[in-house]
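Trainee: Kindly produce the complete structure, drawing on both the sequences and the hints.
Number of protein chains: 2
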Amino acid sequence: MWQLYQFPLCPFSRKVRLLMSEKGIAYDLIRENPWEQRDEFQNLNPALRTPVIHNPERQITIVDSRAICEYFEETVDKAPMINGTATNRAEIRRLIALFDENFFADVTHPLLEERMKKRLVYRQSPDSRILREAMRMANLHLDYIDYLIDHRPWLAGATMSLADLAAAAQISVADYLGGIDWSQHEQARGWYSVFKSRPSFRPLLSERMDVIHPPTHYADVNA
Amino acid sequence: MWQLYQFPLCPFSRKVRLLMSEKGIAYDLIRENPWEQRDEFQNLNPALRTPVIHNPERQITIVDSRAICEYFEETVDKAPMINGTATNRAEIRRLIALFDENFFADVTHPLLEERMKKRLVYRQSPDSRILREAMRMANLHLDYIDYLIDHRPWLAGATMSLADLAAAAQISVADYLGGIDWSQHEQARGWYSVFKSRPSFRPLLSERMDVIHPPTHYADVNA
Ligand SMILES: N[C@@H](CCC(=O)N[C@@H](CS)C(=O)NCC(=O)O)C(=O)O
Ligand SMILES: N[C@@H](CCC(=O)N[C@@H](CS)C(=O)NCC(=O)O)C(=O)O
Numbered sequence: 001m002w003q004l005y006q007f008p009l010c011p012f013s014r015k016v017r018l019l020m021s022e023k024g025i026a027y028d029l030i031r032e033n034p035w036e037q038r039d040e041f042q043n044l045n046p047a048l049r050t051p052v053i054h055n056p057e058r059q060i061t062i063v064d065s066r067a068i069c070e071y072f073e074e075t076v077d078k079a080p081m082i083n084g085t086a087t088n089r090a091e092i093r094r095l096i097a098l099f100d101e102n103f104f105a106d107v108t109h110p111l112l113e114e115r116m117k118k119r120l121v122y123r124q125s126p127d128s129r130i131l132r133e134a135m136r137m138a139n140l141h142l143d144y145i146d147y148l149i150d151h152r153p154w155l156a157g158a159t160m161s162l163a164d165l166a167a168a169a170q171i172s173v174a175d176y177l178g179g180i181d182w183s184q185h186e187q188a189r190g191w192y193s194v195f196k197s198r199p200s201f202r203p204l205l206s207e208r209m210d211v212i213h214p215p216t217h218y219a220d221v222n223a
Numbered sequence: 001m002w003q004l005y006q007f008p009l010c011p012f013s014r015k016v017r018l019l020m021s022e023k024g025i026a027y028d029l030i031r032e033n034p035w036e037q038r039d040e041f042q043n044l045n046p047a048l049r050t051p052v053i054h055n056p057e058r059q060i061t062i063v064d065s066r067a068i069c070e071y072f073e074e075t076v077d078k079a080p081m082i083n084g085t086a087t088n089r090a091e092i093r094r095l096i097a098l099f100d101e102n103f104f105a106d107v108t109h110p111l112l113e114e115r116m117k118k119r120l121v122y123r124q125s126p127d128s129r130i131l132r133e134a135m136r137m138a139n140l141h142l143d144y145i146d147y148l149i150d151h152r153p154w155l156a157g158a159t160m161s162l163a164d165l166a167a168a169a170q171i172s173v174a175d176y177l178g179g180i181d182w183s184q185h186e187q188a189r190g191w192y193s194v195f196k197s198r199p200s201f202r203p204l205l206s207e208r209m210d211v212i213h214p215p216t217h218y219a220d221v222n223a
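These protein sequence lines map, in sequence, to chains H and U.
Each step along the first sequence adds one to the number in my numbering, with nothing skipped, and position 167 is 167.
Each step along the second sequence adds one to the number in my numbering, with nothing skipped, and position 124 is 124.
Keep in mind that a hint or two might mislead.
[To be verified] Computed spacing ranges between beta-carbons, pair by pair:
1) H:M1 / U:N222: 44 to 54 Å
2) U:D77 / H:R123: 50 to 60 Å
3) H:R136 / U:Q184: 40 to 50 Å
4) U:I30 / H:A86: 14 to 24 Å
These aren't lab readings, by the way, just hints derived from the structure by calculation.
Glycine included, every Cβ here is placed at the ideal spot set by N, Cα and C.
Mentor: Have a look at this one:
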């Protein structure tokens, strides 16, 4: 059985969980706070980051959410998520990088620092200037999703792909942390509400991160 | 013909150039300073980052170095660089992420900010504290390369892979900017010197970035 090392608000772990669920791959969750830098975790991943996926029976360890997703895409035929021509696949990977890197750096990472780490680790209050800037950037990223959904049924084209899972994973964490203002984003909101009701997404939305509470609309499929 | 939008010290563009050369794919270089945020460049890549690869005849644009490398790996058989079993491929991709993300964030990015952008764009002098920290981190990353090369002929295993190209690309930029102290790193130095004499690497080493000069050992294959 696969073991996924993660914490509930790690967006990269959420992407992996969505992919594994869509593909019907069973896994156990192992709670890991990477900032605690446990020795056993460092043995699995010297870079000390989540997610890591480990299969003790088969002695396989895979590090990095993109490496993990490509691995399951190559080894499990069900529900292909990096699909189509080489050009389609390149467009899927462009958008994965956009959400994993730009959205994360502009929005998810500052929200996690200010609203999660400062609360749980540093015992400080959040910096409201940084929070405002993260929300402003979230708004620009949602504008781009609106634009894509105006032109295509799913973010990367005609079918659902890992780009949608990557985007939904980042957005769900930002939404949990109160960073998303959905008004003015009809298209993005419509696309995201389809995800919220998927069986792969329900377990994520029902989890809570320690003492941090999401806004009431967060897990509401009709919001 | 492919057009590669890049500037000489962009490590991700260097990785793409190494891959294209190894695979024998012809390309033209287009000089792009992403921080100038040209409108034409934003039309190619809304995220305003290099590298971008564009083929006007075939109307293909690919953004993000990992998406570009996976695309050439899928479409050009020569010199496979993400090869082997699914587990081998995952190990290659883990190391690509380590160099593209951790080495870049810890070493290449601060060196580029302090020694290139402050000089060319902000007209400021570099912060020596940040430079020292980047060099300390470079040392730790080289320790890890020493460890890998003690156990394997190439970074990800028995054959040269995109992990080697990704690492060499980052290190070459850090070395250009005076961030690498090669003493104490026999294994990493031996591995890197093999690269320096490869035909794919020679054109990179002979290029210069505007008024910024590399140390004398930089392009010397015997150093
Ligand atoms: N590119 C990596 C990013 C992983 C990453 O940044 N994970 C964060 C958690 S969201 C982490 O472990 N950070 C280290 C820390 O918080 O100490 C991936 O896709 O897996
Ligand atoms: N993950 C991207 C990273 C690209 C990246 O960060 N490029 C830098 C140059 S090295 C950039 O364009 N930064 C924007 C700027 O300098 O304004 C890739 O692999 O292509």
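Trainee: Next, verify each hint and record whether it holds.
Mentor: Here is how each hint holds up against the structure:
| no. | hint | verdict |
| --- | --- | --- |
| 1 | H:M1 / U:N222: 44 to 54 Å | holds (52 Å) |
| 2 | U:D77 / H:R123: 50 to 60 Å | holds (56 Å) |
| 3 | H:R136 / U:Q184: 40 to 50 Å | holds (46 Å) |
| 4 | U:I30 / H:A86: 14 to 24 Å | holds (22 Å) |
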